[in-house]
Every structure is written in C-alpha cells, then in structure tokens.
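Colleague: What follows is each chain in one-letter form.
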Amino acid sequence: MGSRIFAWLDQRMPLSSIRGYFSKKTVPRHRFTFWYYFGGLTLFFFILQVITGILLALYYKPTPEQAHESIRLIVNEVPYGWLIRSLHSWSANFMIACVFIHMFSVFLLKAYRKPRELMWITGVLLLSLSLGFGFTGYLLPWDTMAYFATLIGTEVPKTLPLIGDWGVSLLKGEEEVGAETLTRMYSIHIIVLPLITLITVSFHLAFNQIFGSSVPIGTKVQGLPIPFFPNFMYRDFIAWCTGFAALICLSTLFPLGLGEKADPLASAPFGIKPEWYFLPLYQSLKIAPATILSISGEFFINLLVVLGSLMWFIIPFVDRRASREQRSTPFSVLGIILILYIVVTIVLAYTTE
Amino acid sequence: MQQSAGPANKPRRDFVSMLLGVWGVLTVVPFLNIVLRYVTPPKLNVVTKESIRVAAVEDIPPNSAKIVRFNKEPIIVVHTTSGQYKAFFARCTHLGCVVKFETEGTPRFHCNCHGSEFDLTGRNLSGPAPTPLRPLKVSVQEAAVIVSSIEA
Amino acid sequence: MKPSRILIPLLLLVASAVRLLAQSADTSARVQPSPEPPVTPGILIPIFEDRLFMLLVGLILAGGMALLLNKKRKKADTEALRDGITK
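Residue numbers (the numbering used here), protein chains in the order written: chain U, 655 to 1007; chain X, 4 to 155; chain W, 7 to 93.
If you're looking for bench data, these hints aren't it; they were derived computationally from the structure. Please note that a few of the clues may not be correct.
[As the list claims (entries may be wrong)] Output of the computed footprint for chain X on chain W, the stretches with three or more beta carbons under 8 Å from beta carbons of chain X: (1) 50-59; (2) 62-73.
[Stated by the list, open to error] Computed Cβ-Cβ distance ranges for the label pairs, DEER-style: (3) W:A86 to U:I991: 36 to 46 Å; (4) X:P44 to W:R88: 30 to 40 Å; (5) X:Q87 to U:L849: 33 to 43 Å.
For every residue, glycine included, the Cβ atom is placed at its ideal position computed from N, Cα and C.
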C-alpha cells in the first residue's frame, strides 16, 4: 500500500529523484563511527522539546501572578501534565548533554575541516541556541530558584564593555527581573529561538546530506561504508529508542517538582546555582581572583569566554593543519583540556559551596 | 535496491515490516491517548459563593446600574426610580453579550450587539433575544446591596 | 489463510487492550486536588505505582520498537552485504 501511495505522489512530485538523491548517502565505517549517533540524538530530543513545549504552552500563563499557578495546574489538574512537564525538563538536559558530546566528538575527530566549515559554524550556533533555550526556559516556572538564577544570570553579562548593559536590558525588559523579563524570556523561548533554530537546523542537516560524515585523519576505514538509507537510519532510530528509554526512566522516577512562588523581596536562597550547563562559567567566576593583570577578575573571565567563543566559531579556519588533512595535535589537546575543565568545574560546583 | 513493484506483481509482504507497522500503531495509540487527554480542558473545582456584597447603598444612585461578577458570571444590579433594587444575569439571552442599563426613555436593559431590549422585570421586549434575563435575589443589609442566587 | 489476516486484527485488539489499561491507570483520577481552591498547595506528583506503570509502558514500547528495528537493520545489512560489491 505504501508503494501505491508513493507511486501516486511520484507522478505529482519528483519523489523518485529525491529518494535517489538521499539513497546515495553513506556513512563511513571505522572505530569512531559510534560517535555519529549523537547528532541525530540531539535532533530527536529537540523534536521532543517542540512537542512537549507546545503542549505546555496550551496551559502556561506568562505573568508573574499566574505563571507559578499555571504550572501547578498542569501538574495537579491536567491529565498527564506531570509527565509532559517532566519530559520537557529532562529532555532539555538530555538535548544539551548530547549537543556537547556531539560538538566535542566532532571537534576531536576534526570533522570541521574543509569542506565542512559551515557545518561546524551552524553547529556551534545550534549549541548557543540550545543554551539560550535553557536559559530562557528556566525562568518560566517563576519559582524561587528560577527567579534568582535569572537574577544572577542577567548580572553576569553586564561586565562586558559596550554591549553588556544594553544586552542585559534587552533580556530583562526593565530594571528588576519582573513581568517584562518574563514576557521577553517567554517570547524568545517559544518564537524567536525556535524560528532561528529551525532555519539553522535545516542548513546543518542539508550540509550533512551533501557532505556526509568525515573520516578522522589517519583513521583506518573498515570495509565499505554503511548506506544511510535504510541501514544507518535504522541504527539511528534504535539509538533514538534507547535515548527515549533513558528519558522516560528519569522523567517517571525523578519527576520535576516546583519550588515556592518567587518572592522578589526575599533574600537569595542558600546554595543557589544555575543549571549544570552554566556551571563551568559560574564556577570559573567564583574561583577567579579579584584582579588578574590589574583588571577585574570577573571581567577577565567574561572577556575570555567571549573571545574564546568567537574563536570557537572559526576553529576550522584557525586549525590550518587539519584543513590540509594533517594531524594537528595541539587542537586535540585543547579539546581534551576543555572537556576536562568543564567536567571538573561542574563537579567542583556541586561538591563545594 | 529492491523497489516494490506496481500492482501487477506484489512482492510477498515482509513479516518484520508488518510487525513494525503494527508496533508503530501500538506506540502511537497511548501517545495519542495521552495528548488527547492532556489537551482536553480539565474540570476544575470552582468554589461557588451563595451571595455577594455588590456595593454600598450610596454607590448605586437611583436610576443607575452596576455590573459586577457573581461566581465568574457578569450580573447587573439596578436601583430603580421607585427605590427598588433588582439584579439579573447580565448576559443577553441571544448570544451572550453583556447588556447595559438604558436610561434614555423608559428605563430598560439594552443589548448593543443585536438590539435586544428587556424591561426591568427582565422580560424580553424586542429584538432577537428569545427568553427573559434570569433574575437574582437582592436585599439591602447594613447599608449594602446584597445579591444572592434564587435557590439559596 | 494468510497469517497477516489473523495477526493484524489480533494485534489491533491487543493495542486497544493496552489503551484501555492505560486509561484505567489514569493518574489524574487518583490525584485528589484539595476541595477549596488553594493558593499554592504544592505539587501533587502521582504515586510511585502510577509512574512505574508509565515507565514500564514506555520501556516496553521503546524496547519493542528497538528490537523490531534491529531485525530490519540486520536484514538490510545482509542485503547490502550481498549487493556490497555493486553498491
């Protein structure tokens, strides 16, 4: 029956040629092929976020007076509301974890080298958008943790020269974190970021279709490549099932709660920290000495982060040896140091006060 | 790559593919169940009040009316020229627009949406409204106008 | 009689049974909201058994899907291997 539908459509759209084009894509087989799954997994969790996000948006009310209560309504009164909300929150964590794993595996495999530079740039952009989703979404429940995490989070960029204050005012919408902030965070979270992400993902996937996955420099290819359609696609889907299994475990066994409604006049609670994916920055700012090279330590770290991020975007053009298909160990070392730094700062942030 | 042929010679259906299709349906069913239950508005416990204090006596001068909410419904409370207080559910019985108290000419209720008119007993006089406005019980206690539902 | 003619209705029956089961374990009926509209009574997370049921349903569906996909994958792999030289 499927073939009849296909034949009907094929007479009205160029489906055969599209299928022919996609059927040519292959995935190289080597000892690092395992890492290829994390891009698709990120996409899977993103799709879940869109679905659960739309469902949550049916009931959520983005004002300081109603936000907290609307979440309470979702969890307490709406059938399966607790599940949708838990899935949304956990899937966010899974998605960001996968996007980091995907990025670092691509970095270490040097898949950013020519001609895949634009794949890398769109990819780093997608990482930034994911973090943006996490940051804007975190405020929405309007509980104590969310409120103060946002308060702190919007103070940090202020130290940046020129754009710092203005950038923060764009996010906050007013002097204090309040109703204007919530409206802005919400509209950024459900309209601005999704639109930009959709466009960027389309480009990212198109590049992936055109160029396929690269083989790491000096890695031995094991036999013929795996055809993407349908062989690797089945593998991809199996990975998605596994990802979903992990997600449903955590969502049902550790469902998300809700703190007390935010009281802007209350003092910040003890031990407040941002979500784990912002902890490297948070911990760096905490351990930074007051002054470094006679400039404020905080400003130094922020500057480092901004410059580092900008350089990260253009890594394919900086790592010249890789583009010439030569081993470039310094960049691999840089990548490993970064990964270790991130892991250590996250562990430190959780184990120290 | 094997393409499925046209209707002339259908290849034997692959058992696993069929099983996969069925399992897909099996998966979609609970998912749809969850989504459909979720999007259907839940019945919420709403505490209904039996009566409310509308306003102080001096807040509704003679030949004027006040519209307030009574258990989420808009009601209109009128102080007639003869000194009586009357209260009705303010939704026009035609299509639900909130009526207003018209003092030009005979005091009556007028609906701006389609021109229905009601007299001060709630009876529908003209326009498309099919039935009268539902009345409520009004009393004056301690210099305040109290409205309560008739059943109370 | 083709096996699919029995199997498909049978499996659809099973699907309906699962759906009925899922409905009867509907957690929203078990979670009792307090009678008066509270200001913020806190979050009422469904009891462990209900969440466990949801977990099992999810794991069975995802697991079954993975197993079937794996079967398809193996078949596609042997086919590709067979045509490997020409591909």
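Colleague: Now look at each hint and say whether the structure bears it out.
Modeller: The hints, checked one at a time:
no.	hint	in the structure
1	50-59	violated (count 0)
2	62-73	holds (count 4)
3	W:A86 to U:I991: 36 to 46 Å	holds, 40 Å
4	X:P44 to W:R88: 30 to 40 Å	violated, 56 Å
5	X:Q87 to U:L849: 33 to 43 Å	violated, 60 Å
In summary, the numbered hints that this structure violates are 1, 4, 5.
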